[in-house]
Amino acid sequence: MTVSFVVSFMVAFAMGYLAVRAIWPEDSRNVRPGIIVLRVCLSFGLGMGLSSCLYFFWLESGAYRFGFIPYIAAELLVFLGLYVIGAHKAGKTQEHVIKTAGVCRSFRLVRITVFVLFIAALVISAASFLSLSSDIPHGEWDAYSIWNQHARFMFRDPALWKEMFHDTLKWSHPDYPLLLPASVARSWQYIGSEAPFAAQAIAFFFVFALAAVAISTVSLLKGQIQGMLCGFAFFSSAYLVQYAAMQYADIPLAFFLTASVSLYLLYCDSRDKVGLLVLAGLMASLAAWTKNEGIIFFLLFSMLVFLFERNRVPADKSRAPFKYFLAGVLPVVITLIFFKTTCALNNDVVTAMVSDPAGAVSRFTDLQRHFFILKSLANSSYFGGNIGKYGLLIYLAVVGISVSATQRKGLRLVLILYCCMAAAYYLVFITTSSSLEWLIACSMNRVFAQLLPILIVTFFIAARSADEILSVRMDKENK
Amino acid sequence: MRALAIVIFAAVSCFSTVNMFIFMIGPESNFTDISAVESSYSSLRSYLPEKGVIGYEQAGGEIDTREYYIAQYALCPLVLDVNECHKYAIKSDRGEISVIKYTGVK
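Top line first, the protein sequences correspond to chains H and L. Quick note: the first sequence uses the numbering used here, first residue 1, plus one each step. Quick note: the second sequence uses the numbering used here, first residue 1, plus one each step.
Just so you know, not all the hints are guaranteed correct.
Which bits of chain L does chain H cover? Going by a derived footprint, with three or more residues having C-beta under 8 Å, they are [unchecked claim]:
(1) 7-14
(2) 36-47
(3) 86-92
Straight-line alpha carbon distances no greater than 20 Å define the calculated EDC-like cross-link-like pairs of lysine to aspartate or glutamate that follow [unchecked claim]:
(4) H:LYS162 x L:ASP81
(5) L:LYS51 x H:ASP157
(6) L:LYS51 x H:GLU140
(7) L:LYS87 x H:GLU60
(8) H:LYS170 x H:GLU140
(9) H:LYS170 x L:GLU57
(10) L:LYS51 x H:ASP356
(11) H:LYS162 x H:GLU60
(12) H:LYS170 x L:ASP64
(13) H:LYS340 x H:GLU163
(14) L:LYS101 x L:ASP81
(15) H:LYS170 x L:ASP81
(16) L:LYS87 x L:GLU50
(17) H:LYS170 x L:GLU67
(18) L:LYS51 x H:GLU163
(19) H:LYS375 x H:GLU437
(20) H:LYS162 x L:GLU50
I should point out that these hints are in silico values taken from the structure, not numbers from a laboratory. The beta-carbon is built from N, C-alpha and C at its ideal position, and this holds for glycine as well.
Next comes chain H alone, as it looks inside the complex (with noise of 0.2 Å):
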């Protein structure tokens, strides 16, 4: 069972592996771990992206009546036709690499205590994950409600697997899209059972990959110690562990996000490396197929990214970057849009906004409202655990601002966008018909965490870097 398992995440994961390669090919002379950490958690997330969307067309097609077998072949048809285009593209890798900080020579015993404490925190936080999954293997109420149900579903009988848009389970939101729920019933399929630690696994790898793209990518920018500060604020925020072990899909959607965001901020820093922005785009259009806030997600990046880059031509390339964008997301929004317009149903929160206008427009200019929403912001601490919004605030003004020219461009995008996403969701909870305090008291979290990780990377590549600080230091030690 653990080895049909295994295989199943293999071959996934090398599907993605073929894709990262082919997009953003291999460059002998770059090989550094922070380069290596992000292709491999890049790997994991596209290739349990492209097998979903491919488990997802082997239903919807009725190519289960023939058995796994037609899925097989199609795994193994994308397998060879990625690694054809990766075998073409490797005698043509771009020559720059991507500009990383200045290698510093770091205050020593400094470097070692951060080191020695981030295994601890990394340690204790796989820990954290493991105990609170054995004791709920099937996730809480959203995994059995929502994600697990709809892998059950897809599971048991392909040939009944539309029943899960049936007019009585509009509460489980049949809306959603299939990433997560595609993804497990992929890998059941594969072990031939319904075992629990297929879902808790994919949990894990999305909640560890997330936090080593923010880590890799923050290293890669601003240098190791920095990673690894950033990896601090990342595992003693306890939600997201909690989250992730609850089985909640708002984890592998923050994984997309701050994957996307990441990638466009080395695309800032790579001079144009454009495969970084087709796997930007293939990333937000990923977020697209978790969830439906990955599609607010989707929309605006896209605009952003237009807006950004619209102008700006590549000394070396004849087409405009938003092009090569545009390339990444096709695959993933066709799919999208075909189960949109196939399968699911409308979404609740659309559809009583459209249905009662008045209504929406009522709620929104109750002061009431805005004031409940604000004071309930106010009132969750989040970022930063024990050290609190305030402690990162006296932290930011220790240490200080500091950004490259190519990284502010990278961070006006990314702090505009948060905006423009927090507004969204401000938005909705302004104008939901359903209880304010209902959906406050269970979204709110959620969007957090969601959210979190994107300001986490975003608040390390505006401070000044640790190693930067730890080697003028060393600098002046030495005069």
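Starting from the known structure of chain H, arrange chain L on it as the hints suggest.
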């Protein structure tokens, strides 16, 4: 000063991570395993039709949403309907779960 800020940041964050671990293994974590309830519903599978819509009732008429969701999770691809009467229904009465077959209902 800045180097100290870095070390303090690392140490306090690590302390937060330990706190999170204590919370998650502690009794106040307030998470419940649904395995037992889920398997009691799953055990009724052989008494129910293979597909279609069946009823779901609870003693007293009030539906415990959480238990209903677990029942649906356990029994899919059957669809459990709490609103209408169907030939087959699941009845839950304070932990006792049974299958009811109504005559005269299609």
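Status of each hint after checking the structure:
Requiring three or more residues with a Cβ within less than 8 Å of a Cβ of chain H, the coverage given for the stretch 7-14 of chain L holds, as 7 such residues are present. Figure legend: the stretch 36-47 of chain L, annotated as covered by chain H; annotation inconsistent (1 residues with Cβ-Cβ distances under 8 Å, at least 3 required). A stretch counts as covered by a chain when three or more of its residues have a beta carbon under 8 Å from one of that chain; for the stretch 86-92 of chain L and chain H the count is 0, and the coverage is violated. A C-alpha spacing of about 16 Å is found between H:LYS162 and L:ASP81, which places the hinted pair at or below 20 Å, so the restraint holds.
For the suggested pair L:LYS51 and H:ASP157, the alpha carbons sit about 10 Å apart, so the restraint of at most 20 Å is met. With a C-alpha separation of about 26 Å, the suggested pairing of L:LYS51 with H:GLU140 is violated against the 20 Å cut-off. Distance hint between L:LYS87 and H:GLU60 is unfulfilled; the C-alpha atoms sit about 30 Å from each other, more than 20 Å. For the proposed pair H:LYS170 and H:GLU140, the alpha carbon gap of about 19 Å is at most 20 Å, so the pair holds.
Distance restraint check for H:LYS170 and L:GLU57: the Cα-Cα separation of roughly 18 Å lies within the 20 Å cut-off, and the hinted pair is therefore satisfied. At most 20 Å may separate the alpha-carbon atoms for a hinted pair to count; L:LYS51 and H:ASP356 exceed this at roughly 36 Å. For the suggested pair H:LYS162 and H:GLU60, the alpha carbons sit about 9 Å apart, so the restraint of at most 20 Å is met. Restraint check for H:LYS170 and L:ASP64: satisfied, since their Cα atoms lie roughly 17 Å apart, inside the 20 Å limit.
Using a Cα cut-off of 20 Å, the hinted pair H:LYS340 and H:GLU163 holds, with the two alpha carbons roughly 16 Å apart. Under the criterion of a C-alpha separation no larger than 20 Å, the hint pairing L:LYS101 with L:ASP81 is consistent with the structure, at around 15 Å. For a cut-off of 20 Å, the pair hint linking H:LYS170 to L:ASP81 stands: about 11 Å separates their Cα positions. Of the pairs offered as hints, the one joining L:LYS87 and L:GLU50 holds, with about 13 Å between alpha carbons and a cut-off of 20 Å not exceeded.
For the hint linking H:LYS170 to L:GLU67, the alpha-carbon distance of about 17 Å falls within 20 Å, and the restraint holds. Under the criterion of a C-alpha separation no larger than 20 Å, the hint pairing L:LYS51 with H:GLU163 is consistent with the structure, at around 9 Å. A distance of roughly 12 Å separates the Cα atoms of H:LYS375 and H:GLU437; the hinted pair therefore holds under the 20 Å criterion. Using a Cα cut-off of 20 Å, the hinted pair H:LYS162 and L:GLU50 holds, with the two alpha carbons roughly 15 Å apart.
Figure legend: structure checked against the earlier numbered hints; hints not met, in rising order: 2, 3, 6, 7, 10.
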